[in-house]
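**Student:** Chain by chain, the residues:
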Amino acid sequence: METVRQARRLAAVDHRAAALGLQPGQKLTDARARVPGLIVAPAEPEADAAALEALVDWCVRYSPAVAADPPDGLFLDVTGVAHLWGGEADLMADLRARLFANGLPFRLALADTPGAAWALARHGRDGTIAPPGEQAALLAPLPPAALRLEPEATAQIERLGLSRLGQLLDIPRAPLGRRFGARTLMRLDQALGRAPEALRFRRPPTPWMARLAFFEPVSAPEDMARVTQDVVAELCRRLEAGGRGARRFALAFHRVDGRALPLEAGLSLAGRDAARIARLFQPRLETVDPGFGVEAITLCAYEVEAVQALQTRIEAGETPAAEDGLTPLVDRLVNRLGADRVWRAAPMESHIPEKAVARIAAIGARTTAAPWDSRTPRPVRLFRRPEPLEGVYALLPDDPPRRFRWRGRVHDVRRAEGPERIGEDWWLRDIEDVSPVRVRDYYRVEDQDGARFWLFRAGLYADAGAPPQWWMHGVFG
Amino acid sequence: MAQGPAPRIADLAARIARIEGGARPDAGVIPLGVPAIDACLPGGSLGGRGLPLGRWHEVAADGMETELSAAPALFAGLAASPLARRGEAVWVFRRDDLWAPGLAGLGFPAARLVQVWARDEAEVLGVMEDALATPGVSVVFGEAGTIDLTAGRRLQLACERRGSTGFVLDRRPFGGEAKRLGPGTAAATRWRVASAPSAPPAEGVGLGAPRLAVTLERCRGGRPGAWILEAACVYGGGPGFYREASDDTHPLRLVAPLGDRQLATAGRRAA
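The listed protein sequences derive, respectively, from chains A and B. Reading the first sequence from the start, the letters are residues 1 to 477 in the numbering used here. Reading the second sequence from the start, the letters are residues 1 to 271 in the numbering used here.
Think of the hints as simulated: they come from the structure by calculation, not from any bench. All values derive from a computational prediction rather than experimental measurement. Certain hints may be false.
[What the hints assert, rightly or not] Sample of chain B residues facing chain A (criterion: CB under 10 Å; computed from the structure): (1) Asp97; (2) Pro201; (3) Tyr235.
[To be verified] Taking CB as the label site, the calculated pair distances span: (4) B:Pro35 to A:Ala466: 52 to 60 Å; (5) A:Glu240 to B:Asp120: 35 to 43 Å; (6) B:Gly204 to A:Pro467: 28 to 36 Å; (7) B:Pro35 to A:Ala339: 40 to 48 Å; (8) A:Pro388 to B:Asp120: 22 to 30 Å; (9) A:Gly338 to B:Gly43: 24 to 32 Å; (10) B:Thr150 to A:Ala198: 52 to 60 Å; (11) A:Arg438 to B:Thr150: 46 to 54 Å; (12) A:Phe292 to B:Ala14: 20 to 28 Å.
For glycine and all other residues, C-beta sits at the position ideal for the given N, C-alpha and C.
This is chain A alone, in the form it adopts within the complex:
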């Protein structure tokens, strides 16, 4: 039940309600009048979307290319994967059995184009498999609603007495387009494969996929580790045969209860070393809850690129190249901590201190910027946000402070050096937004204990209303 324009209407009905003559879109009062004992529940579009998303995840067990078709459908691109099940009919039978076991109502169809499959699944016979190139004949008896048009457009077609797609197909294109609009033509062409249709696949499709199904569901940790190794070895063998390596691997455990648990691992350089990749998954296998058991496991490789064959054995006694040892280390760390926690600092050509350092990937990234000038004193520690100084006492407005308080401690300045004026990058801003408040005068000061700080005064003594503010930005040590 949903509320549309102040009227409560039925959003969806189950089999038995449909048998009693109820249909979606009916007003709730009408439905109550027909079926007094009707049980209604509020519609939950978000929960439906989440359930569809889960189903899309689950369907990855059949093909890596799955596209959700909200609110209640999904497309499965089975090009090139049907043979894994022994043909399209067997694949559909397997899918049917599993969906049925999960108690989901469903309708299936398989055709050359997404449009035709959609039409056949919703308006044709359940389980239709259209032979290649022959969907026109199968589509002809379907109603115009099978074209995925707006309800208004469908209603207009039906009002003109065209109750079957076959009649539409018989009309010459030019008058058809004039009468019903380009969208109708496009949908027809898409259904017949005359126009391309882009599906938004949940994951980019990849031909690099390996799959292992088990006769008995596995759940023991050591079994999970072993099947992970097996599926990785399987895919890596194929990658090696193709002279390829991949940088991202997505592993999915398909549980008996229909949920798919994903795990991802990334490499900083494309690789296909099965032992290494399996080891990246290893520490996180224990986070996977096998439930009542895992019945299939799939592994997809993304960002596949050509990799020349590497000599895997290093002659004994020879020290390995630095990249050889560092790359697996960085991969382990990135997969354990996250990609944003492992980096190399690269120079950026900016004089604003916060922007002088870019964090680049630890392996493989290159930078062309000029290196930092090591002759200007820069602190070893730089605070991400400058911290305000209190009780700043300077002899003259333009002088460095003689005394300041920071983090609850008073520092007497013995020596100071500066200022080094660092302006804002005004060329990146609107001209109205540029203001002297953002000009910084940096001073290097040393306190009574010898601690050396990098502090700055933001703004100039031009505006009496807004006195400059002092900030601590870094510590030299």
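Since the structure of chain A is already known, use the hints to place chain B on it.
**Tutor:** Frame of chain A, contents of chain B only:
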């Protein structure tokens, strides 16, 4: 490696020493370039005295520096930059305020340093162990708190696997109380570093070269001591700055030994 039987004899001697006393094979040393300090440090199997490689070293600080750890970072960066130039370097921290331009100013190859931002102390130690055991990594810095004996021994085992050297900066980046631990440590050396007032520069304006008050509190196979050092060549200062950076340039210079006799004797007894 030299040709002839000398390496094999050294290898045999190391193995005998290991069997006899549980001592570890000596992987060489890296001198600090200050003769007074190097004299206090243990000697390497290939001659010379300095910070032993294939071990880990602890650098602590007091007061404000326990939170900031700027002077320890300066000291560790200066001491280890020849090492960092030989291989890969990894720096693990909990607070991401390490600034590469500052390290570059010390002559440290900052652009080649891999920085790892860990979530907690256990993760810092885990990443350090992993990095120390990786071939090609010559030096690993970690900003952990005070390390207990067990964690220290684990670090030591990781150091021994590839002969890489660790530096643990004793830092509590978010404040808080120090952990109370027993007196034992698995570190090869334990330093306490603070900044010291600099001398006025020759021109009379501005700051002089940074100075550090360095205390060697504990040293296996060596003697403790305390000194004031000056990092003469950092930030483009000093006459040696334009020299080609190589393994044998040492930016630290002795200003004065510290007469902290009491601390020195106490440390010797503990060592």
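**Student:** Does the structure break any of the earlier hints, and which numbers would those be?
**Tutor:** Going through the list in order, the structure violates hints 9 and 12 and respects the others.
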